[in-house]
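For this one, chain F is given, so just place chains G, H and B on it according to the hints.
There are 4 protein chains.
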Amino acid sequence: MIHSDIIAQTNETAMAKLQADYDALGAHLDRRGIDIAAIKDRVANYGVAVPSWGVGTGGTRFARFPGPGEPRDIFDKLDDCGLIHQLTRATPSVSLHIPWDAQPAADLNSKAEEVGLRFDAMNSNTFQDQLQQQHSYKFGSLSHTNAATRQQAVDHNIACIELGVAIGSKALTIWVGDGSNFPGQTNFTKQFERYLDAAKQVYNALPDDWTLLSEHKMYEPAFYSTVVQDWGTNLLIAQQMGDKAKCLVDLGHHAPNTNIEMIVARLIQFGKLGGFHFNDSKYGDDDLDTGSIDPYRLFLVFNELVEAETQADFDPMHMLDQSHNVTDPIESLMVSATEVQRAYAQALLVDRTALLGFQEDNDALMATTTLKQGFRTDVEPILAMARLEQNGAIDPVATYRASGYRAKVGTQRPAVSGAGGGIV
Amino acid sequence: MIHSDIIAQTNETAMAKLQADYDALGAHLDRRGIDIAAIKDRVANYGVAVPSWGVGTGGTRFARFPGPGEPRDIFDKLDDCGLIHQLTRATPSVSLHIPWDAQPAADLNSKAEEVGLRFDAMNSNTFQDQLQQQHSYKFGSLSHTNAATRQQAVDHNIACIELGVAIGSKALTIWVGDGSNFPGQTNFTKQFERYLDAAKQVYNALPDDWTLLSEHKMYEPAFYSTVVQDWGTNLLIAQQMGDKAKCLVDLGHHAPNTNIEMIVARLIQFGKLGGFHFNDSKYGDDDLDTGSIDPYRLFLVFNELVEAETQADFDPMHMLDQSHNVTDPIESLMVSATEVQRAYAQALLVDRTALLGFQEDNDALMATTTLKQGFRTDVEPILAMARLEQNGAIDPVATYRASGYRAKVGTQRPAVSGAGGGIV
Amino acid sequence: MIHSDIIAQTNETAMAKLQADYDALGAHLDRRGIDIAAIKDRVANYGVAVPSWGVGTGGTRFARFPGPGEPRDIFDKLDDCGLIHQLTRATPSVSLHIPWDAQPAADLNSKAEEVGLRFDAMNSNTFQDQLQQQHSYKFGSLSHTNAATRQQAVDHNIACIELGVAIGSKALTIWVGDGSNFPGQTNFTKQFERYLDAAKQVYNALPDDWTLLSEHKMYEPAFYSTVVQDWGTNLLIAQQMGDKAKCLVDLGHHAPNTNIEMIVARLIQFGKLGGFHFNDSKYGDDDLDTGSIDPYRLFLVFNELVEAETQADFDPMHMLDQSHNVTDPIESLMVSATEVQRAYAQALLVDRTALLGFQEDNDALMATTTLKQGFRTDVEPILAMARLEQNGAIDPVATYRASGYRAKVGTQRPAVSGAGGGIV
Amino acid sequence: MIHSDIIAQTNETAMAKLQADYDALGAHLDRRGIDIAAIKDRVANYGVAVPSWGVGTGGTRFARFPGPGEPRDIFDKLDDCGLIHQLTRATPSVSLHIPWDAQPAADLNSKAEEVGLRFDAMNSNTFQDQLQQQHSYKFGSLSHTNAATRQQAVDHNIACIELGVAIGSKALTIWVGDGSNFPGQTNFTKQFERYLDAAKQVYNALPDDWTLLSEHKMYEPAFYSTVVQDWGTNLLIAQQMGDKAKCLVDLGHHAPNTNIEMIVARLIQFGKLGGFHFNDSKYGDDDLDTGSIDPYRLFLVFNELVEAETQADFDPMHMLDQSHNVTDPIESLMVSATEVQRAYAQALLVDRTALLGFQEDNDALMATTTLKQGFRTDVEPILAMARLEQNGAIDPVATYRASGYRAKVGTQRPAVSGAGGGIV
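Protein chains in written order, with UniProt numbering: chain F, 1 to 424; chain G, 1 to 424; chain H, 1 to 424; chain B, 1 to 424.
No lab work stands behind these hints: they were computed from the structure.
This structure is a prediction, so every number in the text was calculated from the model and none was measured.
A few of these clues could be false.
[Stated by the list, open to error] The calculated lysine to aspartate or glutamate pairs, modelled on EDC-like cross-linking and capped at a C-alpha distance of 16 Å, are:
no., chain 1, residue 1, chain 2, residue 2
1, G, LYS138, F, ASP361
2, G, LYS244, G, GLU307
3, G, LYS190, F, GLU360
4, B, LYS190, H, GLU360
5, F, LYS138, G, GLU360
6, B, LYS200, B, ASP155
7, F, LYS190, G, ASP315
8, B, LYS138, H, GLU360
9, H, LYS200, H, ASP243
10, B, LYS138, H, ASP361
11, G, LYS138, F, ASP363
12, H, LYS17, F, ASP30
13, G, LYS190, F, ASP30
14, F, LYS190, G, ASP30
15, F, LYS17, H, ASP30
16, G, LYS170, G, ASP315
17, H, LYS138, B, GLU360
18, G, LYS190, F, ASP361
19, B, LYS138, B, GLU220
20, H, LYS190, B, GLU307
21, F, LYS138, G, ASP361
22, G, LYS138, F, GLU360
23, B, LYS190, H, ASP395
24, H, LYS138, B, ASP361
25, H, LYS138, B, ASP363
26, F, LYS190, G, ASP361
27, F, LYS138, G, ASP30
28, H, LYS190, B, GLU360
29, G, LYS17, B, ASP30
30, H, LYS170, H, ASP208
31, B, LYS190, H, GLU307
32, H, LYS190, B, ASP361
33, B, LYS17, G, ASP30
34, B, LYS138, H, ASP243
[Said to hold, decoys possible] The calculated label-pair distances, taken between Cβ atoms and stated as ranges, are:
no., chain 1, residue 1, chain 2, residue 2, range
35, H, GLU12, G, ASN146, 27 to 37 Å
36, H, GLU12, F, GLU389, 32 to 42 Å
37, H, ARG401, G, GLY116, 54 to 64 Å
38, B, GLN19, G, GLN239, 32 to 42 Å
39, F, HIS3, B, LEU131, 33 to 43 Å
For glycine and all other residues, C-beta sits at the position ideal for the given N, C-alpha and C.
Okay, chain F solo, but in the shape it has when bound (with noise of 0.2 Å):
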């Protein structure tokens, strides 16, 4: 956290502008019938969850380059958390990873408090193996063949919930890198069947308020087969399991050409959208910043989102899960937080009953040209009034430079070592 005043002093310098640029957009959308304060409103009651480990400098197996100020752990991670949302008001809530953020409840639920944030879905983390591990993960987990490993797995899931209920969590979010490297390595069905089997054993350990996300991915670190490789996949899990379970959709996750924003309206028709992890990917699952290669697409997905907004009990998670390998991740997690902010502002902007009338006409051009004149608008005035009136930062980014935190946080925390994995 940074002292307000430097924020003050900041958002002082910028406030003619902004109040200039946000009175002629509320001037223009209220030519376009649209109430600008009502936008407004529903931005500032508008969050995603940050995930613990995305303030640490991510990377690939080929190296990782650390930055100045590395978190050394979960409560140096609640301090930067605490500071992104203090800036811009939009994160009000951290995703643990477990074991990596394990610690006495006590101290997170204080420390959380200290920092101003809630704690999101807890993530159990079933792919790598932890010193003193009794039975390793390298050929999977609940799905492994051997069934002390599945049990292993299935008790380290079951310990994510009892943690996350002392802290106030509602949610445990599911992603294995169970698969296969080769055809044959495993029965594709025998290994689905032990999977079935060892979820359902978390799931029967759920609190009744609490969710399970189930998370598909299509590759990586499997590289010919994975167990749940897709939301086909997932909707089954999803269905066997029960009420309580349903589908993450991870953005980065999906084949190359996927129509994304179909997955998502498909499991939001049948009831099992669970959740987001936000990021943005040109080739793979590369995780990089949301919105950074196709915001377009996000804004579909946001399109979908609000679209279902007047569904009961339609309360999916969202959380950014990116990895900041060349960027200060405290800037990058506060201008996607923004991101997502934005593509849920001019989703909201879309005139739904004009697109509903071209929809039954089949006029295909101005149906688009609709969604697009949405897209299309300039919401960044309404982002940074909601952040202000907030007593956030009007723009984030300047104001976390100008802080000198992170030269600060280098001065407390060790340098980390530039050695790269050497995994190739």
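What follows is chains G, H and B alone, placed relative to chain F:
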């Protein structure tokens, strides 16, 4: 059909080499503990349906280059299909496409009997407009926004069933091009609701011993979204319809890099694999000859099918579905039927007991080597001997060419103009 | 063309809002140090060619669904193209396709003058067979194994140049479908040698002030290999031919996930970027409306073009190339021309001095934010004002619909049968 | 290395079956007019280099799961590589990676002699930061904006050449991860200019009898753009450098659906094919075992190589480059070397005279059938006999397992911790 003397003559010249190859392979398989005769019998009993439209030269939106002797109607097509089966003994049935092949049932039955064929699944067509058709499918068929258009599509499908009943078919395959070319053109959810409602009406008209095969496709002719875009949506359809509804997998209808054999395994596991359209592809729905681009992928699909053979009630339908743009369609269909049999034979050779053991032990290298050993075996002598023993041709293409069939029908059937469609 | 009164009337109703939006944007840009009038002038001077074939309804190999008033010949097409330019002031030239548009030069020139258009690049067609054509292109044209077929293709290209000279064109675009559908069907090297030999003959017939534009495409109509499959081969062609030969980039002709803007940059760097075919795509060569699927990608291409504008002799040709299957082609072309202008205007807004600084400092976050600031700006008022000041329409689609043009030509031009091609 | 008695013993048990299979294949090939002994001799003379890093267990950014007996340094690695060649007789050389393998030349030469190996191409590493390294490669190496960083990378490459000269290598392979993760992060053109300038300095340091191999890759570790992203850019590099510069093709470094064998043909045609990194992949740069996913694609590459064998001065380098995440690396490398030989042997069996005839006649079906006949032939007996006659193992994996080598080095080399990298 051609005179059996021609077959006998060309077989005569190839007989000695085949016998030598067959004996050598038999000895080799015997050293691996496999009885070649048993494999040959299973191959001999295997058949794949040919599509009636496959015997005409195909094309692209840019052009079609017909060859000599293009079939003029379903009766010409049945002649060609009869010849394919006569030479390969691998294609005992034909799949009709309505309205292209709509003719009185008695005439169809009579012709089929004449050429020694049965009728496989019926295919409806609601992706084109026919002359005199009341409502256009330009903006969809079963999912059209206009109720009358949907009803027209439903009625057409029911008419296909009725004709099918009269000619001994037991399945209806539904593939629609419904989708959209622009973001916003359609409401994904409403469109799919309309599809499900309409499809349910078709389903309800299905005789008890029939199967409804729903076919998914990623894209084309719709280029932004497609109603039945992948196996996830296809599965939902089959679930919503009922037990008689199953999914059809066309090998060319998936996203780049998709693990198709895994989708096949999932559909088998949940009792929803209804059948196949075999072909091969390198880019999109290229409809190339089966096994011509990635024969190992075809083998891996058959590996799943052989794995599942012991299941009760497991009997998916097998059909070729290809576009023959640069070859004589009869030759391509003969070779492709052989390639399907080849993959089946290779999959039968896999030592499944050993494979299962390696899988249980996570011995990835030996598991994949075990698969490969099946694939690597040159089973051509088995296929050829199976043909020979059923009075087919050892070398169907050579015999076909020797027969002069194409030249003969070229004189009987008027030449088709070479002008392209100019659809660019 | 429509009466200018109609334009004036529809502009009248939109004028006040436009002026307010334009003034507000001008004030905003002024705060960013940008002169809106200068941007507007550059947009006004920007033009993109329309393809003559684009005003007819397109289709797929499955079907074509024509609309009312389909143009019957090049003169009808020029009427439609003239209207597009009248309303958008953005499409001053038309690109002809021979033999579809082959007519006496005098007639073409006279009609062009009447509708206020020039002629852009000539397009030859050796991917279809025409009636009376001696040698078929079924197995290739410029690269065919048969010398006479290659000569026929060469002669056709030279005839295109000759007609082009007579109507004031300055470029020939060569796109061939030559390739193969099966591994082994062609010898890659011999085929490319034949292509180079034949193309060289065409190149040698080029007037000194002409450009030969070679167009690459990954696949379709050939589905295993294509002679000019990517920019690497295209570059080799341009290098082998000489200075007058350059590469044409169609946005839909690349492999999935390809970074197209980088290819554009490479071709610029080595003096070989000749021009564009603009469109958009989600899967293959979908030929969707420009900017309809990924508008940011279009912007990134224009970012490279604006970056290179200061280079001497940098003047690539710009053309739309789309297939309008579900919209009124006139509407799609008007909107698409506007989208191209939009991307250009947004790219002009990028603060290139700041961008360069961030790039030098490896400040990835601020560099990409600087680009995004250009993209995010809603430049619609600039585009509309540029049209208005040139007597075009503020809202071309609304004006077009108000004019009743389509209904009028619908009565003049005979209806086209709705039957599909049956090429599956 | 293992005792020759072990090889002799395991060969003894497999000898009879091999002889029978070999004789049968010989008789079969004789019927096709092919001399099996000639094929065997060519296979026996074929070798593929192994990468020093390949004998360690690989991993992903998510985790690495080491096995027992991981090599500690280049000397352990050479022991493992020596064994691979001892058993397969197919891998006579090793490719070093600097600085991982940097040791005094005398020690390297001495060890290589001990294990019976030569040194293949040198590999530089400027994609990771090493301890004590002055300038970080976080934002690039040969193309970095900072001149000192570029110089450091140049100097490192020259050092690699110098060590290479001392150990008898004749080539330097350059692969850099330079690129960007965000649109705008780098200026494509300036970045490539810097790359070319720096690479030219390395080129100038090359001995006359050396080759500079430039390696392209679509993406990873950079996820928006990569400096040497495809063969087009790679070709430009080789052209700009000079005659000693050629392109290296890694089978896993291309866009989805790319026709790699065609790129190979193009590079051969223009004298710029320098060598290969063999592996296989289903999604991205999966670095799976060669031939494990699409063996026909591997065959098609070798079809081009055999086609070009008669050219003067055609001698591309062949190396495996794989990541062994779930298998014993020694086993994977042995099997992969065999797969490369298999593809070579199959390509040698193709009847090229017949193929050429079918190509000239546009007989696509028979042309592809002719290729397939080569691929379909089970050449395992040829490979095994070639190994046997050179005192290698008939079944390298079985012999290796029987030898107890892994268990033995497991006791000599300390266990590596199983903790993953936590790079997500």
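Given the hint that LYS17(B) pairs with ASP30(G), test it: the Cα-Cα distance must not exceed 16 Å. holds, 11 Å
For a C-alpha distance cap of 16 Å, please report whether LYS190(F) and ASP361(G) respect it. Roughly 14 Å between the alpha carbons, so the hint for LYS190(F) and ASP361(G) holds.
Do the alpha carbons of LYS138(H) and ASP361(B) lie within 16 Å of each other, as the hint requires? Status holds; Cα separation ~12 Å.
Go ahead and decide if the range 32 to 42 Å is satisfied by the Cβ distance of GLU12(H) to GLU389(F). holds, 39 Å
16 Å limit on alpha-carbon distance, applied to hinted pair LYS190(H) and ASP361(B): holds, 14 Å
So if I understand the rule, the pair passes when the alpha-carbon distance is 16 Å or less; does LYS190(B) with GLU360(H) pass? At roughly 10 Å apart (the allowed maximum being 16 Å), GLU360(H) and LYS190(B) satisfy the hint.
Does the alpha-carbon distance linking LYS138(G) and ASP361(F) stay inside the 16 Å limit? Cα-Cα ~12 Å, so holds.
Does the structure keep LYS190(G) and ASP361(F) at a Cα separation of 16 Å or less? holds, 14 Å
When you check the alpha-carbon spacing of LYS170(H) and ASP208(H), does it fall within 16 Å? holds, 10 Å
Is LYS138(G) close enough to GLU360(F), meaning Cα to Cα at most 16 Å? With a Cα-Cα distance of about 14 Å, the restraint between LYS138(G) and GLU360(F) holds, given a limit of 16 Å.
Please verify whether LYS17(H) and ASP30(F) have alpha carbons no more than 16 Å apart. Holds, at roughly 11 Å.
For the pair supplied as a hint, LYS244(G) and GLU307(G), confirm whether the alpha-carbon distance does not exceed 16 Å. Measuring from Cα to Cα gives roughly 23 Å; hence the hint is violated.
Consistency with the previously given hints fails for numbers 2, 7, 13, 14, 23, 27, 34, 38, ordered from lowest to highest.
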